[in-house]
Amino acid sequence: MVSCCLVRRYGVPRLSRVRTVLLIGGIALNLSLLGFFKYANFFASGLSRAPGIEFELAPVLLPIAISFFTFQQITFLVDSYKGRIARYDFLKYCLFVTFFPQLIAGPIVQHSEVVSQYESSRFGFLRSGNLAIGITIFAIGLFKKVAIADGIGEFADPVFDAAAAGQDPHLFAAWGAALSYTFQIYFDFSGYSDMAIGLGRMFGVRLPLNFYSPYKATSIIDFWRLWHITLSRFLRDYVYKPLGGNRKGNYRRYANLMVTMLLGGLWHGAGWTFVIWGGLHGLFLVVNHAWRAIAQELGLPAWTRHGASVHVSRLLTFLAVVVAFVFFRADSFNAAMTILTGMVSGPVVMHETHLAVLGPVGDALRNAGVRESTASAAYVGLVQAGALAILLWVVWYLPNTQQLMRKYRPALTAPPADTAATSGSRFRWRPTLPWVAVTAIVGVVATLSITKPDAFIYFQF
Amino acid sequence: MWRSILKHVRQPGNGLGFRRTGFRTYLLGLVLVALPLAYVFTAIPETSFVGLPVDEADYLVKLRNSGPNGCTTLFARRPEVMFIGDSHSYAGWDFRLAQEKLDKKVGGCLVGGMYIESVPLVLSKLGPDSWLPFKSGYVPDVIVLGVSPRMFWEADTKQQQVENTAEELDGLSSNSLIRLFDAAAGVALAENEDKTAAKEDLATAWHRPRIMGLNLADIESRLDNSRGTVDPLVYWTGRLANVEYSSQIEATINQICNRSSSLGVDLYVVHIPESPYLEAGYDSKDWDSYMSAVKALERCAVNTVINTSAEYGLDNRHFVNRYLTDQDYSAWSREDGMIEAAHFDPDHMNPFGAELFTAKSLRLLFVTVPSGVTNNP
Numbered sequence: 001m002v003s004c005c006l007v008r009r010y011g012v013p014r015l016s017r018v019r020t021v022l023l024i025g026g027i028a029l030n031l032s033l034l035g036f037f038k039y040a041n042f043f044a045s046g047l048s049r050a051p052g053i054e055f056e057l058a059p060v061l062l063p064i065a066i067s068f069f070t071f072q073q074i075t076f077l078v079d080s081y082k083g084r085i086a087r088y089d090f091l092k093y094c095l096f097v098t099f100f101p102q103l104i105a106g107p108i109v110q111h112s113e114v115v116s117q118y119e120s121s122r123f124g125f126l127r128s129g130n131l132a133i134g135i136t137i138f139a140i141g142l143f144k145k146v147a148i149a150d151g152i153g154e155f156a157d158p159v160f161d162a163a164a165a166g167q168d169p170h171l172f173a174a175w176g177a178a179l180s181y182t183f184q185i186y187f188d189f190s191g192y193s194d195m196a197i198g199l200g201r202m203f204g205v206r207l208p209l210n211f212y213s214p215y216k217a218t219s220i221i222d223f224w225r226l227w228h229i230t231l232s233r234f235l236r237d238y239v240y241k242p243l244g245g246n247r248k249g250n251y252r253r254y255a256n257l258m259v260t261m262l263l264g265g266l267w268h269g270a271g272w273t274f275v276i277w278g279g280l281h282g283l284f285l286v287v288n289h290a291w292r293a294i295a296q297e298l299g300l301p302a303w304t305r306h307g308a309s310v311h312v313s314r315l316l317t318f319l320a321v322v323v324a325f326v327f328f329r330a331d332s333f334n335a336a337m338t339i340l341t342g343m344v345s346g347p348v349v350m351h352e353t354h355l356a357v358l359g360p361v362g363d364a365l366r367n368a369g370v371r372e373s374t375a376s377a378a379y380v381g382l383v384q385a386g387a388l389a390i391l392l393w394v395v396w397y398l399p400n401t402q403q404l405m406r407k408y409r410p411a412l413t414a415p416p417a418d419t420a421a422t423s424g425s426r427f428r429w430r431p432t433l434p435w436v437a438v439t440a441i442v443g444v445v446a447t448l449s450i451t452k453p454d455a456f457i458y459f460q461f
Numbered sequence: 001m002w003r004s005i006l007k008h009v010r011q012p013g014n015g016l017g018f019r020r021t022g023f024r025t026y027l028l029g030l031v032l033v034a035l036p037l038a039y040v041f042t043a044i045p046e047t048s049f050v051g052l053p054v055d056e057a058d059y060l061v062k063l064r065n066s067g068p069n070g071c072t073t074l075f076a077r078r079p080e081v082m083f084i085g086d087s088h089s090y091a092g093w094d095f096r097l098a099q100e101k102l103d104k105k106v107g108g109c110l111v112g113g114m115y116i117e118s119v120p121l122v123l124s125k126l127g128p129d130s131w132l133p134f135k136s137g138y139v140p141d142v143i144v145l146g147v148s149p150r151m152f153w154e155a156d157t158k159q160q161q162v163e164n165t166a167e168e169l170d171g172l173s174s175n176s177l178i179r180l181f182d183a184a185a186g187v188a189l190a191e192n193e194d195k196t197a198a199k200e201d202l203a204t205a206w207h208r209p210r211i212m213g214l215n216l217a218d219i220e221s222r223l224d225n226s227r228g229t230v231d232p233l234v235y236w237t238g239r240l241a242n243v244e245y246s247s248q249i250e251a252t253i254n255q256i257c258n259r260s261s262s263l264g265v266d267l268y269v270v271h272i273p274e275s276p277y278l279e280a281g282y283d284s285k286d287w288d289s290y291m292s293a294v295k296a297l298e299r300c301a302v303n304t305v306i307n308t309s310a311e312y313g314l315d316n317r318h319f320v321n322r323y324l325t326d327q328d329y330s331a332w333s334r335e336d337g338m339i340e341a342a343h344f345d346p347d348h349m350n351p352f353g354a355e356l357f358t359a360k361s362l363r364l365l366f367v368t369v370p371s372g373v374t375n376n377p
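Protein chains in written order, with my numbering: chain A, 1 to 461; chain B, 1 to 377.
By construction, these hints were calculated from the structure, which means they are not laboratory data. Don't be surprised by glycine CBs; every beta carbon is placed ideally from N, CA and C. Check the hints yourself; a few may be wrong.
[Claimed, not checked] Just the calculated beta-carbon pair ranges, DEER-fashion: (1) THR341(A) - VAL234(B): 32 to 42 Å; (2) ILE66(A) - GLY137(B): 29 to 39 Å; (3) GLY337(B) - ILE390(A): 48 to 58 Å; (4) SER284(B) - ASP331(A): 41 to 51 Å; (5) ALA155(B) - ASP161(A): 17 to 27 Å.
[Stated by the list, open to error] From chain A, some residues computed to sit far from chain B (all C-beta separations above 12 Å): (6) VAL78; (7) GLY124; (8) LEU283; (9) GLY346; (10) ALA368; (11) VAL395.
Let the hints inform the model, and build the full structure from the sequences given.
Spelled out as structure tokens, the structure:
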């Protein structure tokens, strides 16, 4: 309400000092609320460790979706300040902030993207076309969430929990957990993004694209154009560019990138593991930009676009993302390092049955120091390895929901051009009987897989 | 008629060869396909674990060992009689015989090292169908809780053990696709290819006369001589010398009673007997403490049976060579014969002990039940 009222007070000449004060005041108010609810305990616990300072803050409950609606309100304030918003209607503003399909975990929409749709005479009416398209996308999203993300997450949790308790995982367990979580968060967020777009479409509202096969990226720069696209856009437009962007030389550009990504990490959660995750991605981006600058300077071809180099680049990018996600998932820095140490130098343990099946190769592995185990969990290891291999193939080679539905333009914004993820696909959805069967199977299997409340990972942000 | 339907559906020259329908037809089709599909999908797990055929006899024999299969396949299998307990239980029950005698589908969640504190956790995983469409819950008609003294004790590793059990139970109520396929693949691969039941029958036929032909006096003499040298005997001597009962028994039993009552299941409690050798080692005070703990369960149990091994006709031979492995049985009778750890399991019955105990205890447990479970040993 305050943000909307502040914008109404903008009705004074552009660039006047009053408008600037109102803008800064509005942003400060929004950020202070976010800061209090999300980071008060984080900073208080840090301060209380300082010598001579003793205090305790009562637990602060985090209002759901505060990170998302705070950012939307900031975009509204800035866009209004810059004269990009023509009309202000309080009810439409409320709908813009609280539209439930995207309220809780994004996409972070801009006022101009959706309010014109709310004002359309078609808005609010259920239409068979929108329903058919929306239900199909929603069913695919639900399947990704409950049948894949929740299932694969069960492989990651025990190992991360054990690491938090101080137990060292063996090599396969550490890699299995890190990869499982990498796929869990992918299908969780991808599923949520599909469900948001599907739900919005059922009401005749097209939401901006938020997720577009990011594991197909062949560089970290590409990854951030495909993962949480609206957050990247927000950080670019409202943090990176105001800091100076790339207009003040390379060193300043890299510093701006680091600051932006550190803030992006902190936005995900009040914890050092999130800051490190953001810092790692900042570092990856700096290296990526520096490499591109050097390659351009030397006149090297854009080798990540062709042949086998695409696969090598994709693999390298994927591994960097996996390593960073270990910090994102771990309960503490020490737990993350325990997992990473296991991934690099953990003991190699295999089930005795698997070694027996391998015959002489199994004997050679034993002689090479591979330890035998009779734990039943090792049987799960085989299932887990199969599941991870299939999921890797899915995220690298299958078309995404947007590509399947491209004929009907399900998202408001187009996919980023010139990335490895945007290659064409022969598959496309149309309202035909085979697609009725596919959608029904996907929807029913997804619904049947709902057996316990597993919140979306991005709900916590 | 089919020709006219196909003519309508197919569209020559179109990519996949199917005619584009209207959006309304598409929505109607979704409803018409999804509803029967949901019915079929919910029925599948009850019969065959997502389509993978499971050999009933192999499955039941496999339950006589530790492992998560019993727990993780519970929702898919949906047994009418559910057994809960620790290793005493999974070694003590002959599940094939139980299913035959009770004339009900049996299954269970039996975890090695389970403590009484884990039982409410198992019960908490059970529940009726949710309000969510097609989400299947599971509540058995009857729960048979097998108890042993060690389930009520304190131990250094207890907390870890309870956590391990909780981890194994994590998947119990999870019907996610991967978990279901995991469980189904585990059961189907491990059992259908193993022919576990056939192997067990073969081994039983070979070992039965050899074990039951052993001289009881020879066994007792050899066990007495090995008390300080053979691992399981040394272990139990140490445990029985330092028995400390949990302070949480009363609270835990309250939880068990409240939960079983709210689920509306018939709870039966039975003491799983240990070998006469081990029973003789209990201090009378410790045994009385155990008796009072089990009797506390009587307030919510339909029936409670606490019989010693002798009352079932079990002797030390029923605890010899539990896994029916190759053994030199003459070692038991030779003066210079040495017994090894695998020769005798003081707290776990072999298949012959399980057969005897199952037949007799079920008769005692369900003798007062006029309906539901039959009593025809």
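So, going through the hints one by one against the coordinates:
no.	hint	result
1	THR341(A) - VAL234(B): 32 to 42 Å	37 Å, holds
2	ILE66(A) - GLY137(B): 29 to 39 Å	35 Å, holds
3	GLY337(B) - ILE390(A): 48 to 58 Å	55 Å, holds
4	SER284(B) - ASP331(A): 41 to 51 Å	48 Å, holds
5	ALA155(B) - ASP161(A): 17 to 27 Å	22 Å, holds
6	VAL78	39 Å, holds
7	GLY124	18 Å, holds
8	LEU283	34 Å, holds
9	GLY346	20 Å, holds
10	ALA368	27 Å, holds
11	VAL395	16 Å, holds
When held up to the earlier numbered hints, the structure conflicts with none and fits them all.
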